[in-house]
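Novice: Read off the chains here:
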Amino acid sequence: MIKYLYLDDEEITTIKPYRDMVVEHSKELHIDVEHPAAFQNNSALITRLKGYQGLILDWRLDEISSKTDKKKADFRAATLAQEIRTRETEKKIHPLPIVVWSQESKLKRSYQGDFTSYDLFNFVYKKEEIVDNPNIVHDQLLSLALGYKFIDKFKSAKKKFDLSDLLKAKDSYVDIRVQEYFNSTARTVHEIARFIIQDLLHRPGLMIDELRLASRLGIDKDASKDWTKVLDLIAKYKYLGPFGEAWERWWAYGVEKEWWLPTSDQDSPISILNAKERVEIIKKKTGLRNLIMAEPIKPKYHTRFYTICEYTGKPLDPIDGVIISEKEPQPWQERRYISLDTALERRGEYDPHPTELERLKNIRRTRG
Amino acid sequence: MSPRKDNSSAIRAKIASGLGNLAQLLNKEKIVRDVSPLYKAAEMCRNNAPAKGIWGYDVEPLIFRDLGEIKVFQNKFDTSNATITFSMTVKGKCEPSEDEDPLTTLGMQIIMSGEYEDDTDLKPAFSAWHLDRHNSESESAFLHPLYHLSFGGMHLESQLDKKNTPVILADTPRIVHLPMDAILGIDFVLTNFWQTSALGFRNEGAYVNLLAESQRNLWKPYFDTLHGFWQANAHALSWSPIEIIPQLANNL
Chain X
1 MIKYLYLDDE EITTIKPYRD MVVEHSKELH IDVEHPAAFQ NNSALITRLK
51 GYQGLILDWR LDEISSKTDK KKADFRAATL AQEIRTRETE KKIHPLPIVV
101 WSQESKLKRS YQGDFTSYDL FNFVYKKEEI VDNPNIVHDQ LLSLALGYKF
151 IDKFKSAKKK FDLSDLLKAK DSYVDIRVQE YFNSTARTVH EIARFIIQDL
201 LHRPGLMIDE LRLASRLGID KDASKDWTKV LDLIAKYKYL GPFGEAWERW
251 WAYGVEKEWW LPTSDQDSPI SILNAKERVE IIKKKTGLRN LIMAEPIKPK
301 YHTRFYTICE YTGKPLDPID GVIISEKEPQ PWQERRYISL DTALERRGEY
351 DPHPTELERL KNIRRTRG
Chain G
1 MSPRKDNSSA IRAKIASGLG NLAQLLNKEK IVRDVSPLYK AAEMCRNNAP
51 AKGIWGYDVE PLIFRDLGEI KVFQNKFDTS NATITFSMTV KGKCEPSEDE
101 DPLTTLGMQI IMSGEYEDDT DLKPAFSAWH LDRHNSESES AFLHPLYHLS
151 FGGMHLESQL DKKNTPVILA DTPRIVHLPM DAILGIDFVL TNFWQTSALG
201 FRNEGAYVNL LAESQRNLWK PYFDTLHGFW QANAHALSWS PIEIIPQLAN
251 NL
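Taken in order, these protein sequences are the chains called X and G.
The working numbering applies: residue 1 is where the first sequence begins, and numbers increase by one.
The working numbering applies: residue 1 is where the second sequence begins, and numbers increase by one.
Just so you know, not all the hints are guaranteed correct.
When the alpha-carbon atoms are kept at most 27 Å apart in a straight line, the in silico BS3-like pairs for lysine-lysine are as follows [claimed, not checked]: (1) Lys123/G - Lys91/G; (2) Lys298/X - Lys91/G; (3) Lys283/X - Lys236/X; (4) Lys285/X - Lys93/G; (5) Lys30/G - Lys170/X; (6) Lys220/G - Lys257/X; (7) Lys30/G - Lys220/G; (8) Lys257/X - Lys52/G; (9) Lys361/X - Lys30/G; (10) Lys16/X - Lys106/X; (11) Lys153/X - Lys50/X; (12) Lys93/G - Lys327/X; (13) Lys123/G - Lys170/X; (14) Lys91/G - Lys361/X.
Quick partial rundown of chain G residues pointing at chain X, CB under 10 Å, derived from the structure [said to hold, decoys possible]: (15) Gln24; (16) Ile63; (17) Thr85; (18) Ser87; (19) Thr196; (20) Ser197; (21) Gly200.
Incomplete in silico selection of chain X near chain G, CB under 7 Å [stated by the list, open to error]: (22) Ser271; (23) Ile272; (24) Pro318; (25) Ile323; (26) Ser325; (27) Arg335; (28) Thr355; (29) Leu360; (30) Arg364.
Derived from the structure by calculation, the hints contain no laboratory data.
Every residue gets a Cβ at the ideal spot worked out from N, C-alpha and C, and that includes glycine.
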C-alpha cells in the first residue's frame, strides 16, 4: 500500500471529495488529509513523513485557519517543498514525490510566475483536472511513489550506474548525452526522477506516447479493432523503467528500426511512406485485418504522419505543422507541433515558436 | 598477414559527430524547423552497426523553410511559403580501400511542397527528386548510372491526387550524379534552393571542414575511378567505371 500525506488549509468538507475521488476503490493508494497548521515545526512534519511515500500540497497553505486550534500555517507549498528537498540531500528523510493540488485561479496568481519553484515539485494538478480524471491522478501518484522507491534503491545499490539498467532498456536506445548527464555528478533521487519525467517521458524523442506511436504507424487507433494486437506485437519496445506504469511510452528506435524494418521487409524508414502505404504493409505482413488508416486533420494535409498536433491530439505530418514555443529542446528531443490551422486560428494553450511567426504572417496574407 | 585492427566503431563515432556538428550549425542558422532528425541520425550511426565494418544512418524528414526566391515557371504555383523535406538512408564501408565505392546503399529524397492556386482554391503542389545508388543485383529494363538523380518517382506519385495533377511523373531522366551523405546532400539542398547571399555560413571553418571531409571520402574515389577509365591500367581498377556510368563505351 502506498501512502500519501495531503496538506490543505481549506475546510475538510471541501477537500475530502478530491481525495475520495482519487482513492475510491483503490487497494493500492491511501491518502491522509491534514491541516498544515499542525506542522508549524518542520521537524514534526519530517518525522511524520517517515510513514509516507509521497506528499500532496495545496499551493497556498497559509490562508485559512484550522478548525480545531484556530491557527494558520505560516508557510506555503514552495517553502515547505524546499525544506524537504534540503533534508533529502542531508539524508534526514527518504526521497519522496511532492505534487501540488490547487485551484487554477490560485495557481494563475502566484505559481505560474514563480519559475524558481518549478523544480521542487513533480507535478502540479489543477483541482479541476482531478475532477475530470481521478483515475489518471490515482495511477500517476502510485507510479511516482513506486518510481522514487525504485530509483532510491537502485542508487543506493550501485555507486556508479548504467542509465540503461535504470531505464531497463538497451544502451543503444539511450542518447549518449543522456548517459553523460548521469555520469557527470552524483544526482539526487529527485533530480533523476525529474529528469526522467520532464526530459525523457514528457518530451518526445527517445520515447513516444501512444498517440505518436499510432501516428507513426499511420493507424487510427480508436477506429481499429486490432490496435491492441499491434501493441502486443511491439510490446518488447515498451518503456519499463520508473514511472512507466502511468506514463506509457515506447522506445522510438525499437519500433521504427528494430521492428518496422525487418517486419516490413523495407529498406527505407517508415516515415518516407504515406499512411496508406504504411497500413497496407502492416496489414499484409502481420495478418491483422482490422486496421484503419488515420485520416489527416484537414483533407489537404499530407499523410506522412510523424508527430501529432498538440492541441487536437490528431496525427500530423510535420510539413503541415508549426513548432510550438517551449523550452528549447535538448539534442535527443523532438520539437512539438500544432497544426497550421490551429496556429492560424490561435486556438488552445500553445503558442507558435517565434521563428514561425513570419511564416504564419505570410500564409495569412496569401490566404486573405 | 596479421589481422588488422577494426576501427569501425571509431569511424562510426566520427561520422556521428560530424552529423551532430551539422545539426548545431543548422540550428544556429534557423533554416530547419527541427534539427532532431540529424541528432537521431548521429545516434543511430554511433550506436548501431548495420553489418560488420559498415556504418549507416537514416535522416528522417528534415524540414527546411524560408527558401530563397525560386523561379517557378507557372505563375499559379506559389512557393513563397514552400518547404523542402529532405530524407536519406545511407550505408557505407567503415574502412574502404582507396579505389572502391565507399557507399553500399544510398537513397536520398527531396520533396518541395508549395501551393497551387486554381480558380477557387489553394491546392497542395509538389515536386520531388530522388538520388539513388542503383542496386545492381535487381534487374531493370533501363540503364542505371550507379548514382543517379531523377525527377519525380514513387515518392512523388504517392503524394498526388492522380486525377487532377497536370504534371508528367516519371522517374527519368536518371542523371548521373555524385554520391552523397547527409552533409553533402543537405549542402546540395541549400545551394540549390537558397540565394548565395543567405548562405554566408558555408564559408565558416566548421562547415568547410565538414564538407571537405565528406568530399574527400566519397568524391575522390569516384573521380579517381572515372579518371582511371582512360588510363593504361584501366582493366586493374577494382571499382568499375562502367558500373558508375553504364553509358561509357568500352572499346579498349
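Novice: All hints are to be evaluated individually against the structure, with a verdict given for each.
Specialist: Consistency of the hints with the structure:
no. : hint                : verdict
1   : Lys123/G - Lys91/G  : 37 Å, violated
2   : Lys298/X - Lys91/G  : 37 Å, violated
3   : Lys283/X - Lys236/X : 19 Å, holds
4   : Lys285/X - Lys93/G  : 31 Å, violated
5   : Lys30/G - Lys170/X  : 33 Å, violated
6   : Lys220/G - Lys257/X : 32 Å, violated
7   : Lys30/G - Lys220/G  : 31 Å, violated
8   : Lys257/X - Lys52/G  : 18 Å, holds
9   : Lys361/X - Lys30/G  : 17 Å, holds
10  : Lys16/X - Lys106/X  : 19 Å, holds
11  : Lys153/X - Lys50/X  : 16 Å, holds
12  : Lys93/G - Lys327/X  : 39 Å, violated
13  : Lys123/G - Lys170/X : 45 Å, violated
14  : Lys91/G - Lys361/X  : 41 Å, violated
15  : Gln24               : 9 Å, holds
16  : Ile63               : 6 Å, holds
17  : Thr85               : 6 Å, holds
18  : Ser87               : 6 Å, holds
19  : Thr196              : 21 Å, violated
20  : Ser197              : 18 Å, violated
21  : Gly200              : 18 Å, violated
22  : Ser271              : 4 Å, holds
23  : Ile272              : 6 Å, holds
24  : Pro318              : 6 Å, holds
25  : Ile323              : 6 Å, holds
26  : Ser325              : 13 Å, violated
27  : Arg335              : 4 Å, holds
28  : Thr355              : 5 Å, holds
29  : Leu360              : 9 Å, violated
30  : Arg364              : 10 Å, violated
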